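Each chain is listed here by its residues.
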Amino acid sequence: MDKEIEQGYNEILESLRKRSLWILHYCTGCGAIELPPTMTSRYDMGRFGIVPFVTPRQSDILIVTGYVNIKTLRRIITSYEQMLDPKYVIGFGSCSINGGIYWDSHSVIKKLDSYMPVDLYIAGCMPRPEAIIHSFKHLMELIDTGKADGYRRYKENYDFYRKNQRKVLGKWR
Amino acid sequence: MTKEYELNIGPNHPGIPGNFSLHLELEGDTIVKANGDSGYLHRAFGKLMEHRLYLQNVALIPRICVIEPDINEAVYAMAIEELMGVKIPERAKYIRTIILEAARVNAYLFGLGIFAAATLGLYTLMQWAVGDRDYMIDLFASLTGARIYHMFIWPGGVRRDLPPKFEEDILDWVKFIKDKLPDYDAVFFKNSMFLHRTKGLATITKEEALSMGVTGPNLKATGVAQDVRKDEPYAAYPYLDFEIPTMTEGDAWARTIIRRLELELSLNLIEQAVKKMPKGPVWTKMPNPFKWYVPRGDAYARVESSGGEYGFYFVSDGGAKPYRVYVRGASMPHMYPLAEKLLIGQKLSDAPQILGSLNICPPEIDR
Amino acid sequence: MEKQTKNGSDLKEKVKEFEHGSLISPLSSAKYLFKKPHTLQYPKETKPIPERYRGFHINDLDKCIGCGNCMSICPCEAITMVDVKAFYLVSSKEGTTDTRPQVDYGRCSYCGLCVDICPTGSLKLSKDLIYSSTDADTFVWVPAVEQGREIGFIQSDELTPLVLDKLEMSELEPDVRKKTFEELILGFSKEEAQAEAARCLGCGICMQGCPAHMKNPEYIQAIFDKDFNLSVKYMLEDNALPGICGRICTHKCQDDCVYNYRGDAVQIMWLKRFATDAIKDYSASDPVRLPQTGRKVAIIGAGPSGLSAAYYLSLMGHSATIFEKNKIAGGGLGLGIPMYRLPVYEIDKEVEHIKSLGVDIKLGVEVGKDITFTDIMKNFDAVYIGVGLSYGRAINLKGEDHPDVIQAIDFLRQVKVEGRRDIARKVVVIGGGNVAMDVVRTVKRLQEVRYDDGNTVAQMASLEDWDILPASKEEVEGALAEGVIFNPAWGPKEVRFNESGKIVGLEIKKVKSVFDENGRFNPTFFEDQIKTLEADYVVEAVGQMTNLGFIPEDIAKDLKYTPRRRIFIDDYGETSLVGIFAGGDLVETSLGNAISAIANGHRAAIGIDFYLKGK
Amino acid sequence: MVEKILLAVLVPLFAFLVGIFLEGFKRKMVARIQRRYGPPLIQPLLDIIKLLSKKDNISHGLMFDLGPVIALSGSILTVFFIPTPGFKLLSASGDLVALLYIMVIGSLGMALGAGESGNPNASIGIARALTLMLGYDLPFVIALSTVILKFDTTNLYEIVAAQSDLYWGAFLMPITAVVAFIATYGAMGEHPFEVVVAPQEVATGPMVEYGGKHLGFLMIDHAFHIYIELALFTDLFLGGASNLGYFFLKIFGLHILLTFFDTVYPRFRIENAVRFFWRWPTVFALIGLLIVMIGG
Amino acid sequence: MEIERLNQVIRGTVEVKRKQRVDIIVDNADIVSALHSLKLFGFNQLTLVTAVDWIEEQQFEVVYVLYSNAQKVVAIVKARIPRENPEIETIEDLYPNANKYEVELTEMFGIKVRGNPDSGKPFLLENWHDLPPMRKDFDSIKYATEHYEARHRKENND
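Residue numbers (my numbering), protein chains in the order written: chain A, 477 to 649; chain B, 94 to 460; chain C, 755 to 1369; chain D, 151 to 446; chain E, 50 to 207.
In short, the hints are calculated from the structure, not lab data. Quick caveat, the model's predicted, so the values are computed rather than measured. Among the hints, a few may not be true.
What the hints assert, rightly or not - Capping the alpha-carbon separation at 20 Å, the derived lysine-lysine pairs in PhoX-like fashion look like this:
hint : chain 1 : residue 1 : chain 2 : residue 2
1    : C       : LYS790    : C       : LYS801
2    : D       : LYS178    : D       : LYS363
3    : B       : LYS440    : B       : LYS299
4    : E       : LYS88     : E       : LYS127
5    : C       : LYS1132   : C       : LYS1369
6    : B       : LYS414    : E       : LYS191
7    : B       : LYS273    : C       : LYS1285
8    : C       : LYS789    : D       : LYS400
9    : E       : LYS66     : B       : LYS180
10   : D       : LYS400    : C       : LYS790
11   : B       : LYS268    : B       : LYS368
12   : C       : LYS1152   : C       : LYS1285
13   : C       : LYS1123   : C       : LYS1103
14   : C       : LYS817    : B       : LYS273
15   : B       : LYS271    : C       : LYS1369
16   : B       : LYS273    : C       : LYS768
17   : C       : LYS1132   : B       : LYS271
18   : C       : LYS789    : B       : LYS273
19   : B       : LYS440    : B       : LYS292
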């Protein structure tokens, strides 16, 4: 009985929570160029309660906007770990899925989900604002149904992620 | 108040234009040492281009600088055209000019909007400017097929002719932005609060600027009318009538106002180019992409970007792929050593303004 | 100038405007409180997507030929060609593959270069670029035409990176060439060859069509790089007689060339000819030669397949001996192909090259007459039979035993080898194939040389109509330009004589159909539509046949044949008899052209090598 | 007794609802000026629910955790002291001097908590907050003194009562009212005085290390803060109100004005802000005081 | 403007390549003096410093691109240095913005810059232990394949 109440309570929370999503303001790659148009007057994703926020502590979503340089990867992981649960990661565009056009670069990783859990990927190089809004709607759905559980996966498979992180970053902490 | 801090600003910091960070040493609120830390966006374009055929590189190079990708395409095309001795059709020159100027307007709208929001906290200008810029992005999509990375200017000319009604649409947009400019002025450029914060801030002299290799609006703000569009005219600039705006103050305010004036100049240039554009072919046939060899030699091609002089030092060994390409971004000298020097002695709260007014684009530094 | 100064002063005034700020002016933005926002309320509202939008791919799988050029041009290695047989019925047409592009949207940069390069125009980009998924593996798929996916970016006819137009080959003018046996194709200059080579995309789809599977992209690339020795080296890997093929090949490769879909095929054959002409001898281009094994192989017939087999056998270290009944080597090439297409010196060059590897060619030795087949079996470790179809096939035409009715192969041999120069004024050639073309054009030349009053007729009668004429297009056009008269879709009925027994004409009847409904050769005629072609000489060019009489009965009885009465061979050219190999026109896999024979010879050489190693 | 408890719940609830509505309305209005639609009105509430439902996994010590609580309780306490039509809870309620002291608690709690986080940005933010407080407090205190002098009482209820029939403080002491408005504006930390949070400079300053529930508390505190500042100004210069609706309308009007300024001005430098407050508003506050002293 | 006169001031070959472009080839030892003369000659802006790895000739070519603001001419100064233990002299005193270009040179090519205090410090790369990446003998495709795993592509996904 208690469990059911808790579950119901969680469900209500999730459906409310999805309507307020704060993005970490971190332009990791070139896909960040399509975020300002999405945020500003033409597309105004603020309509869905999605706004950029400054520090990892305050944010719910980490958007990895495209390619991830290893130097950036280190900061992204730190930022991600600083964020409070529940937190979500969106991989933006081709590069975060499989390296994109930088597949042969010596400083860009290819598979983002080896290093951190990714809840949602968006296709495009870069995705256009409609696609970004579409994907946020998709993420909201996932949150509503409890499928956006990347932060749990990160804890469960911490050793796996840590091993991969070490592989490219060395023993960095 | 002489407590010493060390403070890392960035890379995820809204006051930092893009993904790079600053290591500051502070005494109280005053910066005593500033070190830039770049490389967060390093992808080694020089190396990547060595792996790709000349046509494939057309898809790669716009990605160097995301704010104004078209300059990369233009400068790449110009370097190859110089080495191959190719002349491009007149109409292509005009189309290139229109694209480059529209991209410049976009870059300024975006840059000034972000400058107002991300340094001074005036979000209204950003909301307007970036929103209005989006109409041009839509026009770009109808012209080239993509919103940001157009891959449209390629060696020999441009990839396609203008779509129907494009001339009218772009003139409409120019008019639209011109109508909006008084609003921008009212809320930002003529806002006393803005003047108050930027006048006299981080002044550079003409001599300093020249010796540090500063170009573009930052140099024009010190009174030097240096602009590749005039000095070494490319595309259709020789046929257009324009004057390079300069100011003499050399401070953050002057740098911002110069960009505001350039914005208007670019709008005028688009109008001129659209009106003067002749009919005709838009592309000089290039070889089959798999057998596209560029004669041995080197070339330095340069254009005026929204930040300053942007160039490719291009070396070919006569093969099917570039032998070496060095990308000269305008922001490199603006960050190192200019910004590092300008920040010393300034208040922490002014650091974003200084960086913002220099219009530093980190991907140009990292490449 | 006036305007410029005006602009200059304008600028100064403009700057002044900005020198003084105001705290009141920002308040003017209040007006927007009462205006409608310009936000596009996606997903409630959408905006039209422009025509050229570059989104996900659309690929018309039926139109796509799987050439893989999209894969090669992709700057991100996003495209891989995957086998689609599992879920798509692939056409078995020649010049297509079973693979179709698969796009990894974790790589794609939406540049559209694949669309621009696509030779068939099957690949397009759509206006759709909205897709998100939790599973990164779902970003890889084989694009097809999908419901609701609108076409966006398509290729342009003019602004294409492909070089669609071929370089016209210069040849002798019809008026000149019909009077001479000089080679009529002049060949490329170095610059022309490079320009033509520069058109090749290097996709290699042409290699399938070639019976010998020559490495066309590689040798064309080498020609483009001006490394002709390397180029010929690539050719010699699969073709022992590249110079000859560069002149007379049926160039299936060019028929398969992807350029055919949007422009003119790359002239692979002329490029081959150029490269072989550009170097004097091939000694620098021979592929690696293995050490001598001491094994001996006999080859019967010095035609293309025999020469090819001998060449590759000697490369593998076996010693080859060729027995040829005629006085010259080259078989059908040497005897049958007219000089204006294939000069004798070219054959000599290639034969000398093969000889230089130590191949012994015994000319004028007819097996069965000068040496018995049994002796050969005894003295050699393996035998290769490549005697070809060296006898003309009669069609049982009424009056065909007249001396002025001649078989094409005999006629051509007489002209080329025996130096025959006499010809009648009115000649009819029966047949519509390339041999018939050779004959009729040879006839034309002989007539032009012999009778300078122009009062001559060279015409042909073929069963096939224009659209299914087996002769190659270039040949037909060349012949037409030289003044040959065509009678397509007319079958021969009988030869007419006058009282003195001299031929006066050929009676022909209108063809109803050439093939029956099963596609088998079975001509039917309108028996009532008959006309007579005036003629005093008739050449039959309808086919050839072989004669394997030199093989003793006790051996020959075990020889297996295919249903179409060709010798049965396995994949490596071995007949049903151990140690006896066959190739060339004798076998069914051959398509009756030189390149197939060369390919057979090569296959058999590999088979013989296996056989000898296993022995 | 029951009544008191009821009031103790209702007054903060009213304050909170007003604050949260104004916050939501502000976002809508800002959006409108920026030519967009903006988030729904209840967005701040959703944000708070979201934040409170977050799982905290970082703490920087007891003081860090207590900071937001102190700030929030300070604010709630302040609400009790501000005259709201129809509610009177505490006997000391309405005492201006006590109010001034209590109002500082919130900022202090915040300062203590943020100081504990160890983030330099937070320290800078706190330093700025305190500096700014010095700035706006000077003219504000002078303005308050003027009011006290004018109405000859420190009790807000009496001040409100004295302003009945449109004898509003704003009409009686226009200069002082403007000064107090500017000071209130500064206290609310809106542009151009948004130097404490200043995301672009110090990454939200004191709040830099706060996330989740902490931030949720701070946001509730902020809602109260809006109410407190505006209600105080309304009581002092706009004659309070006879009923809640009227009271709300006055606050609402004030807030529209504030929001509008917030939208169109960029941020001051902290020292400029302080200098600004110490210059014109202070001078005018003194003039206002002088007028009152002379004119009685 | 007498670009031709450059020949008299600079030890090396001066070639006017086209309008507004001058190619100057100097010896390794003469780089600083040549740049010094060029600066006096009016080439007051340093546009870039880079290098080209001519691996077949076992040489690096150091390239300085200068711009004369008054004459509107770009000068490209090139000097070949051996590929083994490459070293050049700093020009930071002449052109302050050369510093980071030189740092980049050290990082990307392994060319030591004498007199530049930052030479050898990391600039764009972090934790780099391999060959300097812009050298021709550094195979970045191999490096990328070895270090960063790629997604395995499933075939026939429809």
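Hints versus structure:
1. For the given pair, LYS790 of chain C sits about 17 Å from LYS801 of chain C by alpha-carbon distance, which is consistent with the 20 Å threshold.
2. Note on LYS178 of chain D and LYS363 of chain D: the hinted pairing is violated, with a Cα-Cα distance of about 25 Å set against a maximum of 20 Å.
3. Taking the CA atoms of LYS440 of chain B and LYS299 of chain B, the gap is near 23 Å; set against the 20 Å cutoff, the hint is violated.
4. Restraint check for LYS88 of chain E and LYS127 of chain E: the C-alpha separation of about 15 Å stays at or below 20 Å, so the hint holds.
5. Distance restraint check for LYS1132 of chain C and LYS1369 of chain C: the Cα-Cα separation of roughly 15 Å lies within the 20 Å cut-off, and the hinted pair is therefore satisfied.
6. Taking the CA atoms of LYS414 of chain B and LYS191 of chain E, the gap is about 18 Å. The hint holds against a cut of 20 Å.
7. Between LYS273 of chain B and LYS1285 of chain C the alpha-carbon distance is near 86 Å, which puts this suggested pair outside the 20 Å criterion.
8. Note on LYS789 of chain C and LYS400 of chain D: the hinted pairing is violated, with a Cα-Cα distance of about 25 Å set against a maximum of 20 Å.
9. Annotation: proposed proximity of LYS66 of chain E to LYS180 of chain B holds, straight-line Cα distance about 17 Å (limit 20 Å).
10. The straight-line distance between the Cα atoms of LYS400 of chain D and LYS790 of chain C is roughly 27 Å, outside the 20 Å bound, and the hint therefore fails.
11. Straight-line distance between C-alpha atoms of LYS268 of chain B and LYS368 of chain B comes to about 14 Å, which keeps the hinted pair within the 20 Å bound.
12. For the hint linking LYS1152 of chain C to LYS1285 of chain C, the alpha-carbon distance of about 16 Å falls within 20 Å, and the restraint holds.
13. This hinted pair does not check out: LYS1123 of chain C and LYS1103 of chain C have alpha carbons roughly 29 Å apart, beyond 20 Å.
14. The suggested pairing of LYS817 of chain C with LYS273 of chain B is violated, with an alpha-carbon distance near 50 Å, which exceeds 20 Å.
15. Only pairs whose Cα atoms come within 20 Å are accepted, and LYS271 of chain B paired with LYS1369 of chain C is rejected, the gap being roughly 90 Å.
16. Annotation: proposed proximity of LYS273 of chain B to LYS768 of chain C holds, straight-line Cα distance about 16 Å (limit 20 Å).
17. Our distance criterion of 20 Å between C-alpha atoms is broken by LYS1132 of chain C and LYS271 of chain B, whose separation comes to about 99 Å.
18. Proposed proximity of LYS789 of chain C and LYS273 of chain B is supported: the alpha carbons are some 14 Å apart, at most 20 Å.
19. Taking the CA atoms of LYS440 of chain B and LYS292 of chain B, the gap is about 14 Å. The hint holds against a cut of 20 Å.
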